[in-house]
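Protein chains: 2
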Amino acid sequence: MAEGIAKQSEDYSRWYTDVVLKAELADYSPVKGSMVIRPYGYGLWENMRDKLDQRFKETGHVNAYFPMLIPESFMHKEAEHVEGFSPELAVVTHGGGKKLEEPLVLRPTSETIIWDMYRKWIQSHRDLPILINQWANVIRWEMRTRLFLRTTEFLWQEGHTAHATAEEAEEETRRMLDVYVDFAETEMAVPVIKGIKTEREKFAGAVRTYCIESLMGDKKALQAGTSHDLGQNFAKAFDVTYQSETGQREFVWATSWGVSTRLVGALVMAHGDDDGIIMPPRLAPIQTVIVPIYKKDDERTATVAEAHRVGKILKDAGIRAHVDDRDNFKPGWKYAEWELKGVPLRLEIGPKDLEKKSVFSARRDIREKMGFPVDGIVDAVNDRLETIQKALFDKAVQFRADNTHRVEDWNQFKDVLENKGGFLYAHWDGSTETEEAIQEETKATIRAIPLDDDFEDGVCVFSGKPSKRRVLFAKAY
Amino acid sequence: MAEGIAKQSEDYSRWYTDVVLKAELADYSPVKGSMVIRPYGYGLWENMRDKLDQRFKETGHVNAYFPMLIPESFMHKEAEHVEGFSPELAVVTHGGGKKLEEPLVLRPTSETIIWDMYRKWIQSHRDLPILINQWANVIRWEMRTRLFLRTTEFLWQEGHTAHATAEEAEEETRRMLDVYVDFAETEMAVPVIKGIKTEREKFAGAVRTYCIESLMGDKKALQAGTSHDLGQNFAKAFDVTYQSETGQREFVWATSWGVSTRLVGALVMAHGDDDGIIMPPRLAPIQTVIVPIYKKDDERTATVAEAHRVGKILKDAGIRAHVDDRDNFKPGWKYAEWELKGVPLRLEIGPKDLEKKSVFSARRDIREKMGFPVDGIVDAVNDRLETIQKALFDKAVQFRADNTHRVEDWNQFKDVLENKGGFLYAHWDGSTETEEAIQEETKATIRAIPLDDDFEDGVCVFSGKPSKRRVLFAKAY
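Protein chains in written order, with the working numbering: chain A, 1 to 477; chain B, 1 to 477.
Among these hints, one or two may not hold up.
Identical copies look the same in the list; a pair holds intra-copy or inter-copy alike.
[Stated by the list, open to error] No more than 27 Å apart at the CA atoms, straight line, and that leaves these computed lysine-lysine pairs for BS3-like:
hint	residue 1	residue 2
1	K295	K312
2	K202	K395
3	K414	K22
4	K51	K312
Calculated from the structure, these hints are not laboratory results.
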């Protein structure tokens, strides 16, 4: 257990906060509910952003930037949207020393300002589709905040697309959901369940919200991304029509989809242990740290030089390597710090390694140690990093399997939820009333109606009414 | 002259706005003073950002993210800072449906919130230097706004560094100024003058502000970037001290430096002509556009296929190529559109080119046309792009030389400024009083006290008092 960090088994919530602060991913800001993303945390977010951005561009999207300030009246144009977001708005009432004629809100999401612009940009079917993404900060006034998981300001991307047909919009919604699945599983090494949100949980203004749900180390669920089919709701609210090939004026079809810095929290909680974070190599800001080991001055000179020589070989090969040549810390202290920060692979170079032209390595995830020759080190390190990436994903899949339960009745539902936690697959009668009653009694919510073929006749665990399929329940972040 | 675009010689200001809107770099937003950066403009900004970010990282900086919301009281802690920025603040008074206890301002710049955090992070000389940069949006309530050049919200980067000594801070300030010079000249192909701002023009809270000044096509100056030595002003305002190696508590030394989306406007005005933008190849979102030329259907099939084949060869080689295979526009219409958008090199492929296995090319800048074989096209295109990049820079250097004047007395000053414009090198007595009087009478400001060796005894053009060197005057954006 790392110094000053709670054990997961004793206080998971404090473990999370301790790790985020001590690993210097983030810090509290003087404004309640806001946070500072420190360089190590931002480095992780930059890697996430680059991997997502590449996928967005490969699927034909371009980036743009829309204003942060939105006329308050815009929020009222779509009935469900205003209901969902009004309680979370921050309002600018003064600018340049004067009271504004109309208050401006800070974007909690950008559908309204973007669809106001789309009205100007879309005339004909030839202007469609529009496939725009935006990287931006958003503000949602939250009562209970937690670093990365729920903050008043957060960073995210929000895709906003416009289409000529309902089919195209639905296809886009599903395509981007699959992009998120691929990102979460390939880059974050976090397996996810794809599903549809219930009417109660869907995005305010959407026809249908798809989501990916992941399981954290404390067996609670976390929504990692959402993709919304907005139908013609925003086109109608903002009067956005196009002339079809046959000359008709038609309302445009819309989607929006987003993931946020919340994913940093998901990554910490999906892989971390009592010693700190475990970064998946593909996203780790530092993939391997090289620590020279020495006692005497001449040993220091030689091992530090070799550490930098090896570091350069690795960096030249595109590996994110860091040499920790600080003289004021002992190796054991350095090991603990890099374990806390979750660097996937540690390399040690001592006087004996110099003689043997070898390095000693230690995996962060399973602590496996082995030596290998400096000759061929690029392949050896890349190989180890790939192994770690796969091992993290496999372990998370196994953890989820071990913590997924099919429950048949209400007593079993409560018993499993209380004593085991995790994902519960149970029959539900499809009513919002039942959904609310279950949450009230157990704090569990319907995370998703999964996109799989798991149909079977059954009865709702709560109401006993007939049901055609199981849905995914869990306590969630 | 492109359709719907004013001629530069008739109305430069309208030309600029026409070009920015018609080339789809940006659009007006419904909130006065705010703008939307459209995908083509954002693509340019992304390229600028990447080239700058690479230089920041090469000089040892890391990125982080600080909150957009700042307690209003923070702005008051540094006396000059509050005086400079108070008139431009946007204020959030309500959040989550309630009036806030203390109003929050939207960051106009982040010194205050960052130095409040640095107080927590800096204890010892071992914590220094801190070399952090942030990419963010900022809000400054502006009365007169122009697309990219002055908008209520803009995107920028702001570096904020902390050092143990005055010398280190000054060295950092100058280093980052040189990074901006290198970026402007190498990537934007815009030559700049390095200098120091006068007391009147310096950043609110700085000890010394360095700047780079460029000359636009209408012979007005534009400040393209600033780098501030903040001395200990913010350390004292936020009580940020460190323990030195000898155990003393010392105030920390600071710098900050930034460039913004204003550079997009600078690029447009530095290189554009009556037909539109001319993008420097190193930053162009599209470096070369390929237009198939055909009349009959079979010609269409063949030339479009060849255009895509050539496009793929270029893209695989890392060239940002785009194939314009739209069937509903004639080639001439396409040429005009891509000229407006400033694509540096156009390639045309017609039936005859297919026979000869060649392509026809046209440079955007000097309209030079030539054919070359498809075999070896990657080298040919790269070579042409490098030639264009250099030609744009050389042309801008020549334009600046042609529009730089040494003026000796007040009548000549007014005459040159009125009838020729451009950069005026003139003697100045060093007083704010004279500086203000000159601006009042002529609208010219001191752009910079240049960082060159141009010392000579003379007398101030306005007051006749003695002067040791000339300074740079111009009308400016």
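Going down the list of hints, with the structure as the test:
no. : hint           : verdict
1   : K295 with K312 : within (24 Å within a copy, 57 Å between copies)
2   : K202 with K395 : neither (31 Å within a copy, 57 Å between copies)
3   : K414 with K22  : neither (36 Å within a copy, 62 Å between copies)
4   : K51 with K312  : both (24 Å within a copy, 23 Å between copies)
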